[in-house]
Amino acid sequence: MKIVVCIKQVPQTTNVKIDPVTNTLVRQGVESQINPFDLYALEEAVRVKERLAETGIESSVTVLSMGPPQVDEALREAITLGADDAVLLSDRAFAGADTWATSYALAAGITKLEAELVFCGMQAIDGDTAQTGPGITVHAEYALATYVSKIDEIDVKRARVHRLLEDGYEVCEVQMPAVFTVVKEINEPRTPSLRGKMKAKNAKIEVWTAESLGLDPDKCGLKGSPTQVMKIFSPEHRAGGEKWDGDATDLAAKMLDILRERVTV
Amino acid sequence: MSIRVISDKCVGCKACVRACPTAAVSMEGKLATIAVEKCTYCGSCVSACKFKAIVIEIEKQAREDLSQYKGIWVFGEQAEGKVAGVVPELIGAGRKLADQRGCELAVVVLGHDLDKLGDELAKYPIDKVYLYDHPKLERYRPEPYGRVLAQMIRTYKPEIVLAGATTTGRSFLSRVATEVYTGLTADCTGLEIGADDGLLYQTRPAFGGNIMATILCPYTRPQMATVRHKVMQAVDPGEVANAEIIKVTPVEQLMSSKVDIIEFIADLTSKVNIVDADIIVSGGRGMGKPENFAILEELADLLGGAVGASRAAVDSGWMPYPHQVGQTGKTVCPKLYIACGISGAVQHLAGMQSSDCIIAINRDPHAPIFDVADFGFVGDVLEVVPELIKQIKAKK
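Protein chains in written order, with the numbering used here: chain D, 1 to 265; chain X, 1 to 396.
Check each hint, because a few of them may be wrong.
Away from chain D, derived, C-beta distances all over 10 Å, residues of chain X [as the list claims (entries may be wrong)]:
id, residue
1, Thr166
2, Gly198
3, Met212
4, Asp374
5, Glu383
Interface residues of chain X toward chain D, partial, derived using beta-carbon atoms under 7 Å [claimed, not checked]:
id, residue
6, Leu216
7, Val272
8, His366
For the record, the hints were derived by calculation from the structure and aren't laboratory data. Where a beta carbon is used, it is the ideal one built from N, C-alpha and C, also for glycine.
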């Protein structure tokens, strides 16, 4: 089975600041990483490959990302974690893409790779939208299961998965080809292997452009994006309030006073 | 798409050079110059320039007449005949927007056996209720739900569509917005109509709440947004059902699905789920061991709240993942958040710092949780909480 994992390179911290003079994000000195949720997606893909191998089904795991050439680093890291190969969608035409245009490009990559199963993290920690995975399924006409927390059964035609909702789990059966977006509960990612590191070093990462994917330039990047960022600003800062010290009885009494003002106790 | 420097306006202050994340801007004498091959059109230099000397031009225009889109829709998310908690909040927000825009407000419900629900919704301050009733819509499934709402949008042409930023709302509207080719803004905490342009100004947190962004959708319709639960003011239903109920005739062809729901397993470990809870008692590493979460459960029961946990507590196996608050868990917005033995890592704050009121108990007076807490208590959580429980019970 051909498995594809979509990953995003994001800043290592979300504790980003806005430069008060230039009113733009301070990016200097901020290291990047693979979006944490995507690591669970990658791990699950590798586990599915291993699981299918036990039943005699050969699979491969390809990581796919869209972004500037620097994303190469994230893709190589994914190979150290068990991916077989990687493809980068990189083109100046992709710059400034919102979730619509991003899922448009990724869907084209997925289609070209003839993916039968696609994993994404439930959302990225920078944009926090959770929209790209579902968007891909419309462009590529794949089935969708979001917030997947467990894969009960899987073969090349279908899978039975658990979805983590607000008030419980939904068990559903999904036909391939499909996109699964995963939550943290699904697994515990492995650490890089020595073999993976060697492989990553020598891997040739293919770069595909809008033209090589046969995409409509009017639907790519900023031009193809229906949303526009009007402005960014710092949220009102929460200031710490009063602080008490003392023995437990006094602290509890003080806390009870505060609670009584707010809730029925 | 093109970017250029207006030489008359550029004063050579270099603000753009400092702002550019890709080092595409340099100075040629006193004039900023942009290396187009390095530029990603991120707009940093444009907002950095106080003299409006840099412009990005996007050749974009509406593909159709946008004035034919009228009215505001709220997605009436429901399960088993009960609307989701966020729906009265969306109606509250939608009512204000509709009054400002001078248009109708409608609630759209997809599901099965909806008559009773429709009558209840008609009591809210709305103009219309659209009911799309079909057995195959009983629970949310991506394809039929997506196709149905997309088709309704094409038919009735609403100007704005709002849904809750719930697991269903987020998955569902993403597909709809993609299909109708329009913009969708996730997890909004602010919605306003622009006084001059009549556009929907959608404000949302990004980077775990460290940055706020205001998003517009100028060239396509509808303008779509998912809205964070517990942020907007909910409205109550009235006594009389005033809204017009419209039953849409279902189309069988839209109902096929590659996903079949086998069963729903309710989470019985908690009476209230943390996303819907008004009060959350949350525990971290300072709880010491899993057994100690029992005292938090007792406190939560007394207050009518739910129990949350930090990543440290979940990763140690003390609490199940659905209770995790923070960047890789859930984002919550309760009226009261009581952080017990939680130090307050940035990743945790991302999930709870928009709570109305935060109380923190921690042994370390310098724990970062105190920087966001309205009321801080420096002490041992394992002494303070049992004492608090004792005092609450004594006064009952």
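Going through the hints against the structure:
1. The beta carbon of X/Thr166 sits about 6 Å from the closest Cβ of chain D, which is not more than 10 Å, so the claim that it is off the interface is violated.
2. For X/Gly198, the requirement that its beta carbon stay farther than 10 Å from each beta carbon of chain D is met, with the minimum near 14 Å.
3. Separation of X/Met212 from chain D is inadequate, the least Cβ-Cβ distance of about 5 Å not exceeding the 10 Å criterion.
4. A beta-carbon of chain D comes within 10 Å of the beta-carbon of X/Asp374; the shortest separation is about 4 Å.
5. Listed as outside the interface, X/Glu383 is inconsistent with that label: its C-beta sits roughly 4 Å from the nearest C-beta of chain D, within the 10 Å cut-off.
6. For X/Leu216, the suggested interface contact is upheld, since its CB lies about 5 Å from the closest CB of chain D, less than 7 Å.
7. Interface hint status for X/Val272: violated, as the beta-carbon distance to the closest one in chain D is roughly 9 Å, over 7 Å.
8. Residue-level restraint check for X/His366 is violated (minimum Cβ-Cβ distance to chain D is 11 Å; threshold 7 Å).
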